[in-house]
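Chemist: Sequence:
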Amino acid sequence: MGKLVCTSLVVAAIAALLGERIVNLRKRALASRELLQNHLPNCVALKNLDSGSEDITILGDGLAFISTGLRFPGLPVPEATGKIFSLDLQDSRMKPVELRMPRNFDLDSFNPHGISAYTDPTDDTIYLFVVNHPQHKSQVEIFQFFEDNHLLVHVKTIKHELLHSVNDIVAVGMDSFYATNDHYFSHELMKGFVEPVLGLSWTNVVYYSPTDVKVVSDGYYLANGINISPDKRHIYVADLLGHNVHVLERKEDNSLVSLKSVAVGSLCDNIEVDPETGDLWLGCHPNGWKLCVFDPNDPPGSEVIRVQKIHSDQPVVTQVYEDDGSVLMGSSVAAVYGGKLLIGTVFHKALVCDLE
Numbered sequence: 061m062g063k064l065v066c067t068s069l070v071v072a073a074i075a076a077l078l079g080e081r082i083v084n085l086r087k088r089a090l091a092s093r094e095l096l097q098n099h100l101p102n103c104v105a106l107k108n109l110d111s112g113s114e115d116i117t118i119l120g121d122g123l124a125f126i127s128t129g130l131r132f133p134g135l136p137v138p139e140a141t142g143k144i145f146s147l148d149l150q151d152s153r154m155k156p157v158e159l160r161m162p163r164n165f166d167l168d169s170f171n172p173h174g175i176s177a178y179t180d181p182t183d184d185t186i187y188l189f190v191v192n193h194p195q196h197k198s199q200v201e202i203f204q205f206f207e208d209n210h211l212l213v214h215v216k217t218i219k220h221e222l223l224h225s226v227n228d229i230v231a232v233g234m235d236s237f238y239a240t241n242d243h244y245f246s247h248e249l250m251k252g253f254v255e256p257v258l259g260l261s262w263t264n265v266v267y268y269s270p271t272d273v274k275v276v277s278d279g280y281y282l283a284n285g286i287n288i289s290p291d292k293r294h295i296y297v298a299d300l301l302g303h304n305v306h307v308l309e310r311k312e313d314n315s316l317v318s319l320k321s322v323a324v325g326s327l328c329d330n331i332e333v334d335p336e337t338g339d340l341w342l343g344c345h346p347n348g349w350k351l352c353v354f355d356p357n358d359p360p361g362s363e364v365i366r367v368q369k370i371h372s373d374q375p376v377v378t379q380v381y382e383d384d385g386s387v388l389m390g391s392s393v394a395a396v397y398g399g400k401l402l403i404g405t406v407f408h409k410a411l412v413c414d415l416e
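Every number in our numbering is 60 more than the matching position in the sequence shown, counting from 1.
None of these hints come from the bench; they were simulated from the model. Just so you know, not all the hints are guaranteed correct.
[Said to hold, decoys possible] Cut-off 27 Å, straight-line C-alpha distance, at most; resulting in silico cross-link-like pairs (BS3-like, lysine-lysine): (1) Lys409 x Lys107; (2) Lys251 x Lys197; (3) Lys274 x Lys197; (4) Lys320 x Lys87; (5) Lys400 x Lys155; (6) Lys219 x Lys143; (7) Lys197 x Lys409; (8) Lys251 x Lys219; (9) Lys400 x Lys369; (10) Lys107 x Lys155; (11) Lys216 x Lys292; (12) Lys87 x Lys251; (13) Lys197 x Lys143; (14) Lys274 x Lys219; (15) Lys274 x Lys251; (16) Lys197 x Lys216; (17) Lys400 x Lys143; (18) Lys409 x Lys155; (19) Lys155 x Lys143; (20) Lys197 x Lys219.
[What the hints assert, rightly or not] Using C-beta positions, here's what the derived DEER-type ranges look like: (21) His247 x Arg81: 15 to 23 Å; (22) Glu221 x Asp166: 16 to 24 Å; (23) Glu309 x Val213: 33 to 41 Å; (24) Gln150 x Lys292: 20 to 28 Å; (25) Glu139 x Arg163: 19 to 27 Å; (26) Arg153 x Val254: 47 to 55 Å; (27) Asp180 x Gln374: 34 to 42 Å; (28) His247 x Pro290: 34 to 42 Å; (29) Asp414 x Lys311: 36 to 44 Å; (30) Cys352 x Leu100: 20 to 28 Å; (31) Thr337 x Val213: 31 to 39 Å; (32) Lys292 x Gly79: 44 to 52 Å.
Note that beta-carbon positions come from the ideal geometry of N, C-alpha and C, so glycine has one too.
Please put together the full structure from these sequences, using the hints given.
Modeler: Here you go:
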C-alpha cells in the first residue's frame, strides 16, 4: 500500500510539473495572443515563391537573395526542393529568378535555412553562405555568385561539432562567420520536446573561421536570427522564445560581449539591417503556438517589427505589418530597399509592399 501511495505521489508530481511547464511554454509561445491585421498599401505576392522564403538578404545595389523550400519537422512540407532565388529590386517587374546550381552539388537533399552574403572588398566577388540541413543535419555551404549567368558555384561545405543545430548565419569574411544554434541537443525528442518544455536557455552563438571555432555567446532560449551592424562593430541576435534582440560588441579576437537586450513583444525570427539607417527589420511570429501546431483552418499569423536607435537608451520598437494568417502565414524575415518591404515566410508565399 505504501509503495502504491508513493508511486501515485510521484506520478502526480510529475504530471503537475509537466502541466506547469507546458503552461509556461504556451506563455513563451504567446499562445493566447489574438491575431489582428495591420496592412501596408499595395502588397503583392511574388511569383515562384510558393514553397516558402525563409530568409532574404539584400545587397547594396538592390539585388536580393531568397532561400526557399525549407523542410522543417512539424511544419507543412513544401512541394519543391530547396532552391535559391535572386530578385532585382530595381526592376519594376519584381520577378524572382531561380539561380542555377552546380551539377556536382546534391540538390535532392538541399534544405536551405538562413543565408548571408559577403562581398570581397579586394575584387567585389560575392559569396553566398547558406545554412543547409541535408537529412536534417547542419552544415554551411559557401557559393560564389555569378550575376550575369544567374549562377552559384559551390566553393566548400563546412561541418563542425559546434555547428550542430544551425539556424542563421552572418558572414564576416570569405570563409568566416557567426552562426546561431537554435537547440542545445541533437536528438529529435530532446530538442523537439524536452528542451522547449523544460524552458532551457542553453542555445548559443558560434564563431567559425578555418583557424578558430568557438562558442562566443550563450544563454538563449532559442537563438534564431543573427546579423551585423553597418560599421561591423556589433552583432544582433534574436532570441525567439525570449521575445527580445540582444546587442553584442565584437572584440578583436572575434569574441562577443553582451551590451543589452531590447524587448520586441513577439517571437522574432530573422534580422535584416538597413545599411543606411542601421534600423533592424524583424520577421516575427505573433502567435508561435499556432505555428507549432499548424492548422490550416486556424493559421499562424505574420508580423514585421522595426527597431530604430537600438544603441540608444530608448530604442524605438514599432509594428510595421501584421496579418492574422488570411493573407500571410508564418513570416520569418523582413528586408527593405528603396521604399519597398519584402516579407518572407517559413513555408508560405512572399510579399513585396510599399512602405509609404
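Chemist: Output the numbers, in ascending order, of every earlier hint that fails for this structure.
Modeler: none
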